[in-house]
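Peer 1: Sequence:
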Amino acid sequence: MTPRTKMAVALPLVALAILLVVVANVTNWNALREPIAHAVHAKTHRTLRIGGDLDIGLRWPVVRVHASDVTFSNPSWASRPNMIDVRHATVDIAILPLFRGQIVFPQVQLDQAALAFEKSRDGRRNWLLDRRQRDSQARVAIRHLAVGDGRVEYDDPAQGTRLSARITTSHGSDKTSAPLRFTVQGRYKGEPLVAQGAGDTILALRDETRPYHLNVSGKIGQTAVGADGRITNLLKLSAVDLQIVLRGASLAQLYPLVGVVFPDTPPYRTRGRLVHGPRQWRYEKFTGEMGRSDIAGSLSIDTGGRRPLLVARLDSTRLDISNLGPLVGAGHAGEKPAAAKSVPTGILPGKAFRTERWNRMDADVTLDAGSIDRPAALPLHRLSTRLRLQDGRLRLDPLRFDVAGGTLAGAVTLDGRASPIQAAAKLLARTLQLAQLFPTLDRSMASIGEFNGNIDLKGQGDTVASMLGSANGQASLVIDGGEVSKLLMETMSLHLLEMLQLKVTGDEPVRIRCGIADFAVKQGVMQPDILVLDTDVSRIDGSGRIDLGQERLDLTVVPKSRKPSLVALRTPIHVQGSFAHPQASLDKGKLAMRGLGALALGAVNPALALLPLIDAGRNADSECRRLIGEVRTAGR
24 MTPRTKMAVA
34 LPLVALAILL
44 VVVANVTNWN
54 ALREPIAHAV
64 HAKTHRTLRI
74 GGDLDIGLRW
84 PVVRVHASDV
94 TFSNPSWASR
104 PNMIDVRHAT
114 VDIAILPLFR
124 GQIVFPQVQL
134 DQAALAFEKS
144 RDGRRNWLLD
154 RRQRDSQARV
164 AIRHLAVGDG
174 RVEYDDPAQG
184 TRLSARITTS
194 HGSDKTSAPL
204 RFTVQGRYKG
214 EPLVAQGAGD
224 TILALRDETR
234 PYHLNVSGKI
244 GQTAVGADGR
254 ITNLLKLSAV
264 DLQIVLRGAS
274 LAQLYPLVGV
284 VFPDTPPYRT
294 RGRLVHGPRQ
304 WRYEKFTGEM
314 GRSDIAGSLS
324 IDTGGRRPLL
334 VARLDSTRLD
344 ISNLGPLVGA
354 GHAGEKPAAA
364 KSVPTGILPG
374 KAFRTERWNR
384 MDADVTLDAG
394 SIDRPAALPL
404 HRLSTRLRLQ
414 DGRLRLDPLR
424 FDVAGGTLAG
434 AVTLDGRASP
444 IQAAAKLLAR
454 TLQLAQLFPT
464 LDRSMASIGE
474 FNGNIDLKGQ
484 GDTVASMLGS
494 ANGQASLVID
504 GGEVSKLLME
514 TMSLHLLEML
524 QLKVTGDEPV
534 RIRCGIADFA
544 VKQGVMQPDI
554 LVLDTDVSRI
564 DGSGRIDLGQ
574 ERLDLTVVPK
584 SRKPSLVALR
594 TPIHVQGSFA
604 HPQASLDKGK
614 LAMRGLGALA
624 LGAVNPALAL
634 LPLIDAGRNA
644 DSECRRLIGE
654 VRTAGR
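For the sequence shown, the residue numbers in the working numbering are 24 to 659.
Hints may contain errors.
[Unchecked claim] Label pairs and their calculated CB-CB ranges:
hint, residue 1, residue 2, range
1, GLU307, GLN245, 20 to 30 Å
2, ARG397, PRO301, 38 to 48 Å
3, ARG204, ASP396, 35 to 45 Å
4, ASN51, LEU121, 18 to 28 Å
5, PHE122, SER91, 27 to 37 Å
6, HIS111, ARG377, 21 to 31 Å
7, ALA221, PRO58, 40 to 50 Å
8, SER394, TRP150, 51 to 61 Å
9, GLY124, PRO180, 28 to 38 Å
10, ASP396, ARG233, 41 to 51 Å
11, ALA65, GLN208, 32 to 42 Å
12, ALA543, VAL268, 44 to 54 Å
13, ASP76, SER321, 28 to 38 Å
14, ARG233, ASN51, 31 to 41 Å
Note that these hints are calculated values from the structure, not bench results.
The beta carbon of each residue, even a glycine, is placed where N, CA and C say it ideally should be.
Could you put the whole structure together from the sequences, leaning on the hints where they help?
Peer 2: So this is what it looks like as structure tokens:
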């Protein structure tokens with residue numbers, strides 16, 4: 024061993040021996056109050072005052088210091104004069120770390136204490152002991168803290184947080200082992216907060232091996248929280264295992280509290296297990312309600328990447344369709360309209376998406392709803408989708424509804440990186456049953472058969488209404504075969520005698536030869552390239568426009584009978600007005616227009632594009648194929 028090495032080992036041992044001798048022989052420590060105060064001021068530029076007795080004793084491997092009437096001042100920028108004001112304090116100082124230049128308090132016991140912690144707007148923290156209160160290493164390491172009766176204040180104006188806690192221990196002969204109770208009130212990140220709870224008396228502030236039991240309930244803003252379980256290392260939350268109950272007006276209100284982007288939802292309540300480990304939070308096996316829907320599943324949030332990543336698997340046995348309204352910018356059931364809105368709004372959702380939050384996290388969420396509660400007129404039965412949010416771009420793919428005995432499936436993309444949002448929807452309707460499509464229709468006029476359709480639209484806007492109002496693309500559907508009420512068709516053709524006869528003898532079905540609705544969409548205006556319904560009784564052709572931006576209809580349908588009728592008005596029917604209040608009227612100025620059927624023969628390319636929809640019906644002997652053949656012949 025070299026002389027330098029021997030000296031490095033000997034000096035700490037000598038210092039330790041001197042320390043032990045001094046501690047063992049000094050009986051009155053009050054003379055050290057002023058020297059200690061001067062040393063603290065020289066180091067921190069802050070004032071330590073010990074107004075009562077000071078006592079120091081050796082309890083290897085710590086030195087125990089007991090002092091009464093102790094105050095420690097704040098830096099000049101703080102709002103309160105003192106950071107610490109304690110009637111009685113007992114502090115254990117670890118001996119060995121002192122030789123490494125570290126101050127470690129394995130245990131601190133305070134009685135009748137007032138503690139005030141504060142952060143300045145420029146980032147200074149009064150609990151850091153360097154002169155500028157910025158060096159995170161310049162702090163005293165406290166492993167465990169026991170508080171008898173006291174108050175704790177915390178103020179962070181930059182975050183809109185100002186909290187005041189009252190801490191008490193249950194009455195008993197030994198306050199150091201009695202359960203701790205606390206109440207907290209104030210504001211957290213701008214939201215009003217009240218809470219109360221209980222826990223172990225000894226706060227395991229930095230202990231990585233000793234979980235701290237906690238039971239707490241309270242309310243932050245409109246969010247109510249209850250939790251019971253254990254937390255390891257209260258300052259860093261190294262591990263968390265809590266059973267929690269959460270209740271609030273909307274999941275979106277959690278964003279300012281936890282920094283996770285959730286969608287707008289109706290009021291919710293959920294219960295589950297919250298677990299935290301390295302870089303990940305998990306909410307496991309939770310159940311609950313959201314509006315009138317039930318919800319269950321598990322989710323995790325990984326904080327180790329460039330952005331937090333939310334991964335969730337959600338299941339619902341009963342999904343209320345009105346609860347999806349806030350997700351697309353519409354209201355939910357029971358929501359009252361704002362008093363300031365005196366002008367009636369349209370039926371398309373008009374609430375803007377909050378894209379400013381989309382680039383703050385990524386998400387991968389799968390939802391499966393086994394059944395859907397919906398209005399009787401809406402034939403939806405099941406929903407499944409996978410939502411992915413990445414780099415501010417949201418995509419629902421696959422998106423599938425079970426509708427009217429068939430499926431509506433495809434993908435929807437919203438690119439929140441652009442302003443306004445760039446939106447695209449590509450959906451395929453397959454084997455939808457006519458009888459189920461209009462479940463509230465008079466059964467005597469119900470149709471049978473099925474149809475297929477395509478929707479391919481692109482638009483831009485920050486609401487669903489504005490996206491559709493600027494959309495470009497195509498929307499098509501084909502009915503290839505089936506039956507429809509004869510009375511309905513005679514009524515559409517205004518065959519008065521036939522209508523009267525069927526009212527007397529009873530309705531009967533007639534064959535649907537072909538039905539085609541093929542709309543070109545430009546800047547939110549839908550205009551039909553082909554709009555025709557052909558049956559054995561009559562053929563109905565249509566023209567006009569549907570304005571998605573203005574939410575208005577202006578359509579004309581013209582019936583053309585396939586057989587003579589003694590009393591047939593054969594007058595065009597106009598369907599006009601808003602989506603919310605459409606009105607039908609007869610054209611009183613002229614008789615039936617002959618030749619509107621040529622409308623279906625003038626659009627060669629759009630008609631050819633409908634062939635896949637006919638093939639999807641797997642009808643080899645197809646009337647619609649014959650109609651397409653007419654189109655091709657007329658176009659030559």
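Peer 1: If a hint holds in the structure, say so; if it does not, say that too.
Peer 2: Status of the hints after comparison with the structure:
1. The hinted range of 20 to 30 Å is satisfied by GLU307 and GLN245, whose Cβ atoms lie roughly 25 Å apart.
2. Between ARG397 and PRO301 the C-beta distance comes to about 43 Å, which sits within the given range of 38 to 48 Å.
3. Between ARG204 and ASP396 the C-beta distance comes to about 44 Å, which sits within the given range of 35 to 45 Å.
4. Taking 18 to 28 Å as the suggested C-beta distance range, the pair ASN51 and LEU121 conforms, at roughly 23 Å.
5. Distance hint check: the CB atoms of PHE122 and SER91 are about 29 Å apart, consistent with the given range 27 to 37 Å.
6. HIS111 and ARG377 have their C-beta atoms about 51 Å apart, which leaves the hinted 21 to 31 Å range violated.
7. ALA221 and PRO58 have their C-beta atoms about 41 Å apart, which keeps the hinted 40 to 50 Å range intact.
8. In this structure, SER394 and TRP150 meet the distance hint of 51 to 61 Å, their C-beta atoms being roughly 55 Å apart.
9. The hint said 28 to 38 Å for the Cβ distance between GLY124 and PRO180, and at roughly 34 Å that hint holds.
10. About 48 Å separates the C-beta atoms of ASP396 and ARG233, a value consistent with the hinted range of 41 to 51 Å.
11. Distance hint for ALA65 and GLN208: a CB-CB separation of about 38 Å, consistent with the stated range 32 to 42 Å.
12. A hinted range of 44 to 54 Å holds for the C-beta pair ALA543 and VAL268, which are about 53 Å apart.
13. A beta carbon spacing of about 57 Å between ASP76 and SER321 contradicts the range 28 to 38 Å that was offered as a hint.
14. A C-beta distance of roughly 37 Å is found between ARG233 and ASN51, which places it inside the suggested range of 31 to 41 Å.
Hint compliance for this structure: hints 6 and 13 are not met, and every other hint is.
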